[in-house]
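Residue numbers (this note's numbering), protein chains in the order written: chain A, 176 to 523; chain B, 176 to 523; chain C, 176 to 523; chain D, 176 to 523.
Hints were generated in silico from the structure; no laboratory data involved.
Take these hints with a grain of salt, some might be off.
Since the list gives no way to pick out one identical chain from another, each pair is judged satisfied if it fits inside one copy or across any two copies.
Calculated cross-link-like contacts (lysine-lysine; reagent style DSSO-like; alpha-carbon spacing at most 30 Å) [what the hints assert, rightly or not]:
hint: 1; residue 1: Lys225; residue 2: Lys282
hint: 2; residue 1: Lys179; residue 2: Lys505
hint: 3; residue 1: Lys362; residue 2: Lys340
hint: 4; residue 1: Lys183; residue 2: Lys505
hint: 5; residue 1: Lys204; residue 2: Lys183
hint: 6; residue 1: Lys501; residue 2: Lys204
hint: 7; residue 1: Lys391; residue 2: Lys505
hint: 8; residue 1: Lys193; residue 2: Lys505
hint: 9; residue 1: Lys501; residue 2: Lys183
hint: 10; residue 1: Lys225; residue 2: Lys363
hint: 11; residue 1: Lys326; residue 2: Lys227
hint: 12; residue 1: Lys340; residue 2: Lys505
hint: 13; residue 1: Lys391; residue 2: Lys340
hint: 14; residue 1: Lys192; residue 2: Lys501
hint: 15; residue 1: Lys349; residue 2: Lys391
hint: 16; residue 1: Lys178; residue 2: Lys363
hint: 17; residue 1: Lys326; residue 2: Lys391
hint: 18; residue 1: Lys192; residue 2: Lys204
hint: 19; residue 1: Lys179; residue 2: Lys204
hint: 20; residue 1: Lys501; residue 2: Lys340
hint: 21; residue 1: Lys412; residue 2: Lys391
In this text, all values refer to a predicted model and were calculated from it rather than measured experimentally.
Protein chains: 4
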Amino acid sequence: MEKKDFLKDTIEHIDIKKYNVVPMIDAMKDMAFQARNLNRGAEIFNMMQKDKECAVFLTLAGSLISAGLKGVVVDMIRNNMVDAIVSTGANIVDQDFFEALGFRHYKGDPFQNDAVLRELAIDRIYDTYINEDELRVCDETIGDIANSLEKQPYSSREFIIEMGKYLDENDQYKASREDSIVYQCYKKGVPIFVPAFSDCSAGFGLVHHQWNNPGKQVSIDSARDFLEITKIKIHNKVTGIFMIGGGVPKNFVQDIVVAAEVLEFDVPMHKYAIQITVADERDGALSGSTLKEASSWGKVDTTYEQMIYSEATIAMPMLVGYAYHKGSYKERMERRLNDVLSTVEVKG
Amino acid sequence: MEKKDFLKDTIEHIDIKKYNVVPMIDAMKDMAFQARNLNRGAEIFNMMQKDKECAVFLTLAGSLISAGLKGVVVDMIRNNMVDAIVSTGANIVDQDFFEALGFRHYKGDPFQNDAVLRELAIDRIYDTYINEDELRVCDETIGDIANSLEKQPYSSREFIIEMGKYLDENDQYKASREDSIVYQCYKKGVPIFVPAFSDCSAGFGLVHHQWNNPGKQVSIDSARDFLEITKIKIHNKVTGIFMIGGGVPKNFVQDIVVAAEVLEFDVPMHKYAIQITVADERDGALSGSTLKEASSWGKVDTTYEQMIYSEATIAMPMLVGYAYHKGSYKERMERRLNDVLSTVEVKG
Amino acid sequence: MEKKDFLKDTIEHIDIKKYNVVPMIDAMKDMAFQARNLNRGAEIFNMMQKDKECAVFLTLAGSLISAGLKGVVVDMIRNNMVDAIVSTGANIVDQDFFEALGFRHYKGDPFQNDAVLRELAIDRIYDTYINEDELRVCDETIGDIANSLEKQPYSSREFIIEMGKYLDENDQYKASREDSIVYQCYKKGVPIFVPAFSDCSAGFGLVHHQWNNPGKQVSIDSARDFLEITKIKIHNKVTGIFMIGGGVPKNFVQDIVVAAEVLEFDVPMHKYAIQITVADERDGALSGSTLKEASSWGKVDTTYEQMIYSEATIAMPMLVGYAYHKGSYKERMERRLNDVLSTVEVKG
Amino acid sequence: MEKKDFLKDTIEHIDIKKYNVVPMIDAMKDMAFQARNLNRGAEIFNMMQKDKECAVFLTLAGSLISAGLKGVVVDMIRNNMVDAIVSTGANIVDQDFFEALGFRHYKGDPFQNDAVLRELAIDRIYDTYINEDELRVCDETIGDIANSLEKQPYSSREFIIEMGKYLDENDQYKASREDSIVYQCYKKGVPIFVPAFSDCSAGFGLVHHQWNNPGKQVSIDSARDFLEITKIKIHNKVTGIFMIGGGVPKNFVQDIVVAAEVLEFDVPMHKYAIQITVADERDGALSGSTLKEASSWGKVDTTYEQMIYSEATIAMPMLVGYAYHKGSYKERMERRLNDVLSTVEVKG
């Protein structure tokens, strides 16, 4: 088989707008186990939407965008259902920005011999294939963007805005950028934070940039990320967090409550908190730690919290679809927190 | 109950030097399932030790240091069994540096009511307690270190060297620093990378620093981290990776093979690779992805790779203990990669 | 709080007939991970329905009926979507027959103190409560049925037919029996096998019966179960298995292919096989073993097999709902395998 | 490759007597997560041994014997560390009795193509191979034993005694029977219950027997199993349960407390209870349900209970090895519960 035989069937993103799951999720309220948890998670997410004061943080960890969940996120952005995003680099750069450049993910086989794939320069994510040559183009594009910027420290958020601008200014991406998280957030002023920004395709581009620009260079300041997102908490007392997977994004967004306190602001814990994950708590790692545990740290209020133990491709479209078809988002305002961050009078 | 009643029984770090597990692990070779995997992982780790050309990378994710595994890591450092470390911030700052400052972790109860803990300012990690007031001192110490530095971008590695230096220069930590990863790495020239450095206690200190030093300030450049660790790969063609948990450290250390290629160096894949984890591959996330999958990306050679599906507190002491009691490390040299990074003639 | 305060909110069974999930499940075909697996599982289940020659076996393990999945199973029975059932005792006796007697399951709290529940004679299944006094009535009813029967060995299937008859003959259960698996299978001639029949509420009733009837007594012959279900395979060459959870039912239904061979019949492997489970294969246990592994044993053909790694309360209504709304079951005949087993000319 | 190339490296059973793990397990007491749980489980198991009044029940689920754990179980039997066993059929018949007949398990590869194995009549259990022809001999031997017995109902325990007797009376098994669970239990009067006895190789033999002996035949009465094991509880008030995996054996042994109550005996809950498993509680299934949950059912006292979340091949040798090297078993008596069951004056 040749390379093109492996890269044939494209991943398509599910469109939650088409499926009104509300009656089914409502019925799950009176079942048990994860169906009931899914119902409660969906209800809490809907409460976040109805609470006009609530700034909603979405965290993304795991290979979500390559798995067909990009549309779910983009619909949330378009409809003001999410006000800030914290993500791993893979979702934002290797997968979303990659698709915005016109590339695609392909349906693959988890039992395929990896030596064959290696030979053909096809990268595998469980049951999904990526054309490695295209991924190198993505890396290089990041390098080009870095080369074009003023040589100074940036937060990942600031750099990702530049990525959105790049898409906006290059008409060749007109079709492919439309359903991009990076692009839509750029348009809607929604901040995206990637606290481990070099840990992805962006890292390759930036390494290339710094290697070739010794001395004066673009750098990515992760402390600045943390300061910026903390400022959001300071300006939006009421917050809700919707976490897909765990990892750095989960920890980062929970920590901002404490960070605000460290800066001597008196902010409440996150009022709403839900997490979709398959990780379990018994190895003591953060990814599977319960939201009750987080409350001991003063990060999350326990009145409206729910863990949903399910793989995200199944649970996320249902949970977000529930809130979407409830329509509560319609009364929400564009928060444009990117604008707030660049203009407000906050010290620091 | 008062706070002191909860913070009574300290976590003690296991001392692998005392338990010769070699015969038992050898017997596991002829069993099945994870016992056999543990044996093969231990044998591969021992091969890394015997291979004098091999630079060994250790990655740490999950709450390992608070769980009693600090001694295992420190023994590896002291005996040249590991040449570079990539970790989450929690392990290095909140837990190791925290203990180096003289604080301790306490045995707790996973079923304890978290509202009670919150009231007493006790933070819980599954079955372990932390005095939150002491954690604030740790945050502040990081802030003080930042305040004392020249205002410029640092890699996390460079900043962590400053943390080691701080411990070295303050004799009040003489006793508590001795078994610290940060301190021993400082002494032995072993680089520590924390690619999401603001995502931990360090973040609180740095936010405080930046908030109070607008304009000119210390920043943490995660791209620089990636460049530095890539340089290590360029200088040490033969590499082995020993991963505890997944997350950013796993991805980061695997990616350096590709990064070196992006810089047009022809480097081999990681020759040896083992991971201890409970994550599974079926949600497609990186943490549980197989090392065979990594080989499709050109990151890991599949000749000597092994996944060990076990919680780390049980498997890690046995696996490292095996290599320790085999004694192969005795012929290894101090690599002092920190020195190499600051002196070698590499462009960039 | 009193007992009645805990036993207030009843579990209600989801009605898949109300929710047309076909378009959403179709969309999942082009996603990744478990969404794609769910789609393929649903398609294979639909193929079983369309294949008029195919006898469909359903296996049930885990607390499914108490969790709100009874309606899903009953709808399958009513619509000839399933031709035989193999189950744990808990689902059939403690949960289904229990509800047929007019008792209910209640929504509970997984974090409730169990000592309090013990005091009140409330039994807990994760987040679900049962009135223990009512469970004792269920045990006794089984004992009464045993007392009324001729003293000889029965297969579990034969005994469960007697349970259905008991419900049929006692009009006080007119309302509660209507949506019962035991009752509907009785009416429709669908065999139910519980290979570990004493391992549930039935066991308590039978122990009571045997204790009080030393010598001549009703006994439950598990070998006879195996012989009977093997006869079904011999009479229905084309078979499909739909497994919820693993355990004894999974093993039992897979083994009948081999059993038929042992009796020197030449039967094909199961043509279709799907399993919904959260168990994983890495501990080598049967529950999480892959269907590919089963093919090495000659039990399952690998052309149409799919594992779906999801908790059942979420995945089962969607998967069965897909086939239901596709409507393929409409051309299926009542197989009435109970009648076949009592009349056909098979040796043994 | 030919069949013999796959069936080359035999599984060897670990000998816990050789490895004194006491100091290492003691050190785990002051760690966290599963290491600490393993320590507590080992301490509770040691308490069971020291408590001379305590009858110890061992339950076995999962492929344990084929995985190299037979020696651990046999050492427990030889040293009076266990007084009764409840198991799945696979462990006792397909694996232990199979090896007693002189056959072996082989080290295999979990990534091997199953179609190749199918062709060669090699059965796979994750990473372990079995010669299917030898398994057919095991089935037939069971059939022969059934043919030789008086035609009446037997408990699985009674049938398994006949299997032990068969081994004892046939000198050709002199070498291979020595380390057999079935044989050693026969010698030591330790009852073995397999509540789903037809769900294994025994089932094939019995189906063959019943098919060829219509009318008068050997039957296996699972209710009788339950009555017999309940009698043990009635005669031994103080009991401890040591569970490897979950499934039917876990449920069965917990249920005997309730069964004794149903017979109007006033017996205490199981005083000690530990379980080694990787199953989790979040799907509500019995296998992963906590021992705290079991206490709501009145089955298990919560003073001395511990879940250990680990794969058994790693945790079981360490836990049992701990108690073995502590030596407390030395003061235990042979309980010979098989003798008790056949002689005591109990009604029923």
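We went through each hint and held it up to the structure:
no. : hint             : in the structure
1   : Lys225 to Lys282 : between (37 Å within a copy, 26 Å between copies)
2   : Lys179 to Lys505 : neither (44 Å within a copy, 41 Å between copies)
3   : Lys362 to Lys340 : within (9 Å within a copy, 46 Å between copies)
4   : Lys183 to Lys505 : neither (39 Å within a copy, 36 Å between copies)
5   : Lys204 to Lys183 : between (40 Å within a copy, 14 Å between copies)
6   : Lys501 to Lys204 : both (16 Å within a copy, 26 Å between copies)
7   : Lys391 to Lys505 : neither (47 Å within a copy, 43 Å between copies)
8   : Lys193 to Lys505 : both (17 Å within a copy, 27 Å between copies)
9   : Lys501 to Lys183 : between (37 Å within a copy, 28 Å between copies)
10  : Lys225 to Lys363 : within (20 Å within a copy, 48 Å between copies)
11  : Lys326 to Lys227 : neither (39 Å within a copy, 41 Å between copies)
12  : Lys340 to Lys505 : within (27 Å within a copy, 55 Å between copies)
13  : Lys391 to Lys340 : both (23 Å within a copy, 27 Å between copies)
14  : Lys192 to Lys501 : both (11 Å within a copy, 22 Å between copies)
15  : Lys349 to Lys391 : neither (33 Å within a copy, 39 Å between copies)
16  : Lys178 to Lys363 : neither (38 Å within a copy, 47 Å between copies)
17  : Lys326 to Lys391 : both (6 Å within a copy, 14 Å between copies)
18  : Lys192 to Lys204 : both (22 Å within a copy, 17 Å between copies)
19  : Lys179 to Lys204 : between (46 Å within a copy, 20 Å between copies)
20  : Lys501 to Lys340 : neither (33 Å within a copy, 46 Å between copies)
21  : Lys412 to Lys391 : between (39 Å within a copy, 29 Å between copies)
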